[in-house]
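Student: Residue-level listing of the chains:
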Amino acid sequence: MKLRTLTLGLLSASALAFAAHAESITIATVNNGDMVRMQKLTEDFTKANPDIQLNWVTLEENVLRERVTTDIATKGGQYDVMTIGTYEVPIWAKQSWLLPLDKLGDDYDAKDIIPAIAGGLSVDGKLYAAPFYGESSFVMYRKDLMEKAGLKMPDAPTWDFIKQAADKMTDRANGVNGVCLRGKAGWGENMAFLTAMSNSFGARWFDENWKPQFDQPEWKKTLQFYVDLMKADGPEGASSNGFNENLALFQQGKCGMWIDATVAASFVSDPKASQVADKVGYALAPDNGLGKRGNWLWAWSLAIPAGTKKADAAEKFVSWATSKHYAELVASKEGWANVPPGTRSSLYANAEYQKAAPFAKMTLDSINAADPTHPTVKPVPYVGVQFVAIPEFQGLGTTVGQLFSAALAGQSSVDDALKQAQDAATAAMTEGGYIK
Amino acid sequence: MARAVTTQHKTIATVAAWIVALLIFFPILYTIITSFKSEQEAIQGFALIPSGTFESYTEVQAQSGYFKFFFNSVLLSVGSTVLALLVAIPAAWSMAFSPTKRTKDILMWMLSTKMMPAVAVLFPIYLIFRDTGLLDSRIGLMVMLMLINLPIVVWMLYTYFREIPGEILEAARMDGASLWNEIIYVLTPMAVPGIASTMLLNIILAWNEAFWTIRLTTTEAAPLTAFISSFSSPQGLFWAKLSAASTLAIAPILIMGWFSQKQLVRGLTFGAVK
Numbered sequence: 067m068k069l070r071t072l073t074l075g076l077l078s079a080s081a082l083a084f085a086a087h088a089e090s091i092t093i094a095t096v097n098n099g100d101m102v103r104m105q106k107l108t109e110d111f112t113k114a115n116p117d118i119q120l121n122w123v124t125l126e127e128n129v130l131r132e133r134v135t136t137d138i139a140t141k142g143g144q145y146d147v148m149t150i151g152t153y154e155v156p157i158w159a160k161q162s163w164l165l166p167l168d169k170l171g172d173d174y175d176a177k178d179i180i181p182a183i184a185g186g187l188s189v190d191g192k193l194y195a196a197p198f199y200g201e202s203s204f205v206m207y208r209k210d211l212m213e214k215a216g217l218k219m220p221d222a223p224t225w226d227f228i229k230q231a232a233d234k235m236t237d238r239a240n241g242v243n244g245v246c247l248r249g250k251a252g253w254g255e256n257m258a259f260l261t262a263m264s265n266s267f268g269a270r271w272f273d274e275n276w277k278p279q280f281d282q283p284e285w286k287k288t289l290q291f292y293v294d295l296m297k298a299d300g301p302e303g304a305s306s307n308g309f310n311e312n313l314a315l316f317q318q319g320k321c322g323m324w325i326d327a328t329v330a331a332s333f334v335s336d337p338k339a340s341q342v343a344d345k346v347g348y349a350l351a352p353d354n355g356l357g358k359r360g361n362w363l364w365a366w367s368l369a370i371p372a373g374t375k376k377a378d379a380a381e382k383f384v385s386w387a388t389s390k391h392y393a394e395l396v397a398s399k400e401g402w403a404n405v406p407p408g409t410r411s412s413l414y415a416n417a418e419y420q421k422a423a424p425f426a427k428m429t430l431d432s433i434n435a436a437d438p439t440h441p442t443v444k445p446v447p448y449v450g451v452q453f454v455a456i457p458e459f460q461g462l463g464t465t466v467g468q469l470f471s472a473a474l475a476g477q478s479s480v481d482d483a484l485k486q487a488q489d490a491a492t493a494a495m496t497e498g499g500y501i502k
Numbered sequence: 031m032a033r034a035v036t037t038q039h040k041t042i043a044t045v046a047a048w049i050v051a052l053l054i055f056f057p058i059l060y061t062i063i064t065s066f067k068s069e070q071e072a073i074q075g076f077a078l079i080p081s082g083t084f085e086s087y088t089e090v091q092a093q094s095g096y097f098k099f100f101f102n103s104v105l106l107s108v109g110s111t112v113l114a115l116l117v118a119i120p121a122a123w124s125m126a127f128s129p130t131k132r133t134k135d136i137l138m139w140m141l142s143t144k145m146m147p148a149v150a151v152l153f154p155i156y157l158i159f160r161d162t163g164l165l166d167s168r169i170g171l172m173v174m175l176m177l178i179n180l181p182i183v184v185w186m187l188y189t190y191f192r193e194i195p196g197e198i199l200e201a202a203r204m205d206g207a208s209l210w211n212e213i214i215y216v217l218t219p220m221a222v223p224g225i226a227s228t229m230l231l232n233i234i235l236a237w238n239e240a241f242w243t244i245r246l247t248t249t250e251a252a253p254l255t256a257f258i259s260s261f262s263s264p265q266g267l268f269w270a271k272l273s274a275a276s277t278l279a280i281a282p283i284l285i286m287g288w289f290s291q292k293q294l295v296r297g298l299t300f301g302a303v304k
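Chains as they are written, first to last, in the working numbering: chain A, 67 to 502; chain B, 31 to 304.
Keep in mind that the hints were calculated from the coordinates and are not lab data.
Just so you know, not all the hints are guaranteed correct.
[Said to hold, decoys possible] Cut-off 35 Å, straight-line C-alpha distance, at most; resulting in silico cross-link-like pairs (DSBU-like, lysine-lysine):
(1) B:K144 <-> A:K250
(2) B:K98 <-> A:K338
(3) A:K106 <-> B:K98
(4) A:K320 <-> A:K485
(5) A:K106 <-> A:K160
(6) A:K376 <-> B:K98
(7) A:K502 <-> A:K444
(8) A:K113 <-> B:K98
(9) A:K229 <-> A:K345
(10) A:K141 <-> B:K98
(11) A:K141 <-> B:K144
(12) A:K375 <-> B:K98
(13) A:K234 <-> A:K427
(14) B:K98 <-> A:K399
(15) A:K160 <-> A:K141
[Stated by the list, open to error] Far from chain A by the CB rule (all over 12 Å, computed), these chain B residues:
(16) F56
(17) G82
(18) L116
(19) S124
(20) M140
(21) A201
(22) A240
(23) I280
The beta carbon of each residue, even a glycine, is placed where N, CA and C say it ideally should be.
Based on the provided sequences and hints, a complete structural model is requested.
Tutor: The structure is reproduced here in structure tokens:
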């Protein structure tokens with residue numbers, strides 16, 4: 067009896083010791099297909115690292131952004147790994163809120179990360195977040211409607227061609243809109259699209275002295291073109307359409323063209339969800355012959371907040387989730403088409419991936435065509451293609467987005483919207499100390 | 031003739047009430063209908079007849095365990111309500127039976143705290159929770175929910191207690207009842223309907239609270255509001271799954287509300303007509 071008690075005691079003590087040794091890390095993430103898939107595949111990680119437990123917190127994008135900002139600014143220590151975008155990384159790294167990722171392992175091969183993406187996630191040559199999936203934007207179009215219109219989409223179209231094709235494809239009697247573009251106000255909604263578009267028109271948010279540029283002819287051309295195009299060929303109520311609304315319209319066959327995130331390609335070409343899955347073609351985002359295209363660059367990335375007490379375990383996880391091994395794991399379980407896109411050059415060199423994802427080449431070309439450090443024709447003092455990587459941008463971008471959305475809805479003129487945007491930007495930059 | 035007019039009026043009133051009720055309930059009904067559709071059906075436009083698939087429910091359950099969130103919701107809403115009643119019954123008692131010149135002002139001040147946007151105090155509260163180690167704790171969130179609903183609980187109880195004649199309490203006192211005996215054995219039994227409806231309303235408010243419950247929790251204390259939030263996606267149409275998650279989250283409180291609607295209505299209209 068005594069022996070049994072002693073054995074039980076020893077077993078309990080060793081179990082407790084193991085439990086105390088096991089570290090649990092909390093990962094904050096967004097709800098999208100790739101992230102959900104990763105949660106399902108974590109057994110591979112926990113098998114190799116039995117001393118690390120994973121806790122997941124999945125939140126809506128805006129709530130996640132607010133939660134992790136609050137946590138990191140107050141050093142709340144609630145998260146050990148955070149899912150953040152290319153907008154946050156340079157700002158937070160400069161504030162010393164993130165740990166540099168310099169222990170990702172010998173076989174990690176950081177040089178394999180697509181240079182444009184790595185550049186957006188690095189400060190002073192150090193990587194502060196590892197990309198989980200990357201995206202740019204491009205044109206998705208209906209091959210059948212294009213043919214019916216008697217046109218052929220070039221690989222690299224101009225805005226004039228988009229306008230011409232949209233006019234011809236629009237068939238309102240049959241519910242077909244020539245083009246669907248974002249109109250919903252928000253720095254990550256219509257302003258992501260319009261800022262990227264403005265780059266191809268030669269516009270910029272600020273000059274080298276941080277003076278807002280909405281009073282310049284390039285912005286007038288951009289906004290006027292956008293409003294005219296959408297009025298003639300866009301869907302009804304476009305000022306409230308964001309990514310999801312346009313995705314629904316395109317999948318139901320109500321858009322001739324849609325210019326948006328490259329990640330949408332996997333949705334519109336999925337026969338289970340899309341009625342036009344076998345009729346979609348892809349092209350680079352349009353340009354105006356000025357040397358810059360209207361495409362953006364974004365990467366949902368995994369970063370480690372400086373306040374974590376479990377940095378080693380967190381970095382092990384980040385390394386696993388963004389490794390070549392993870393891509394192979396996804397491919398073996400769910401097929402190459404489901405591997406997170408846009409992060410590693412080796413994926414695009416893989417013949418099996420190219421076969422499984424017909425949009426692969428266009429995605430890579432689009433990502434490579436974006437340069438966050440030289441986003442537009444003229445020089446700028448900021449980093450970011452479809453955003454300006456300064457803390458003030460979230461608020462200012464949304465304010466300007468509301469003004470431009472109102473112009474699209476016909477509640478104000480293009481000139482009024484630009485004048486108000488100029489005033490709002492001047493006030494924000496003066497208050498922020500950028501303009502002396 | 032008079033009877034005919036009354037019947038006609040009654041019919042019109044009944045039809046109007048049904049139309050209004052359906053209008054109010056329709057978004058919930060449509061959420062439930064959508065939860066039984068496939069994702070493709072869900073985006074195809076308005077349709078009242080779903081294909082009846084359970085795939086969204088299966089996927090929602092597989093993606094994030096419902097019961098942990100459900101358990102937290104029950105614990106937080108019931109716990110915060112019990113805490114609120116423990117504080118509010120004595121407070122409302124003193125205001126109703128021993129009012130001072132400032133009682134009305136205090137009541138108004140309490141209510142005025144509800145007019146402040148919650149986000150204005152997000153950082154101070156977050157820092158307090160961080161420094162006291164209450165982030166992602168059920169106890170911390172219970173106290174928070176108790177505090178934000180306390181003004182309404184005190185107000186409701188105060189209104190009920192005012193309906194109880196003070197003479198009854200005086201009679202108890204003359205019979206030698208102590209303060210606690212007076213509250214527990216005389217006041218509380220008489221105010222049971224009022225306390226019950228206050229309790230029900232507070233449980234509903236705490237169940238549906240989505241600002242603090244999402245912002246002060248991560249994994250351990252996260253209730254069903256966080257569960258729903260995790261299904262909202264900026265890139266991808268998961269309306270059927272989101273509807274299934276919402277239906278699972280509102281079902282318990284909807285069923286509770288259905289069975290206790292008489293008490294709720296009675297409580298909410300108590301003292302409205304004298």
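Student: Just want to verify: S124 (chain B) was marked as not at the interface with chain A; is every Cβ pair farther apart than 12 Å?
Tutor: 38 Å, holds
Student: Quickly compare the C-alpha distance for K320 (chain A) and K485 (chain A) to 35 Å and report which way the hint goes.
Tutor: 34 Å, holds
Student: Between K376 (chain A) and K98 (chain B), does the CA-CA distance stay at or below 35 Å?
Tutor: 25 Å, holds
Student: Mind checking the alpha carbons of K141 (chain A) and K144 (chain B) for me, to see if they're no more than 35 Å apart?
Tutor: The given pair, whose Cα atoms are some 29 Å apart, holds under the 35 Å limit.
Student: Is K98 (chain B) close enough to K399 (chain A), meaning Cα to Cα at most 35 Å?
Tutor: Holds, because 28 Å separates the two Cα atoms, which is no more than 35 Å.
Student: So if I understand the rule, the pair passes when the alpha-carbon distance is 35 Å or less; does K106 (chain A) with K98 (chain B) pass?
Tutor: With a Cα-Cα distance of about 18 Å, the restraint between K106 (chain A) and K98 (chain B) holds, given a limit of 35 Å.
Student: Quick one: work out the minimum CB distance from A201 (chain B) to chain A and report holds if it exceeds 12 Å, violated otherwise.
Tutor: 55 Å, holds
Student: Tell me if the straight-line CA distance from K234 (chain A) to K427 (chain A) falls inside 35 Å.
Tutor: 28 Å, holds
Student: Assess, step by step, whether the Cα of K160 (chain A) is no farther than 35 Å from the Cα of K141 (chain A), and give holds or violated.
Tutor: 16 Å, holds
Student: Given the proposed pairing of K229 (chain A) with K345 (chain A), does the C-alpha separation stay at or below 35 Å?
Tutor: 20 Å, holds
Student: What's the verdict on K141 (chain A) and K98 (chain B), does the C-alpha distance respect the 35 Å limit or exceed it?
Tutor: 27 Å, holds
Student: Are K98 (chain B) and K338 (chain A) close enough, with their CA atoms no more than 35 Å apart?
Tutor: Holds, at about 32 Å.
Comparing the model with each numbered hint stated earlier shows that hint 22 is the single one that does not hold.
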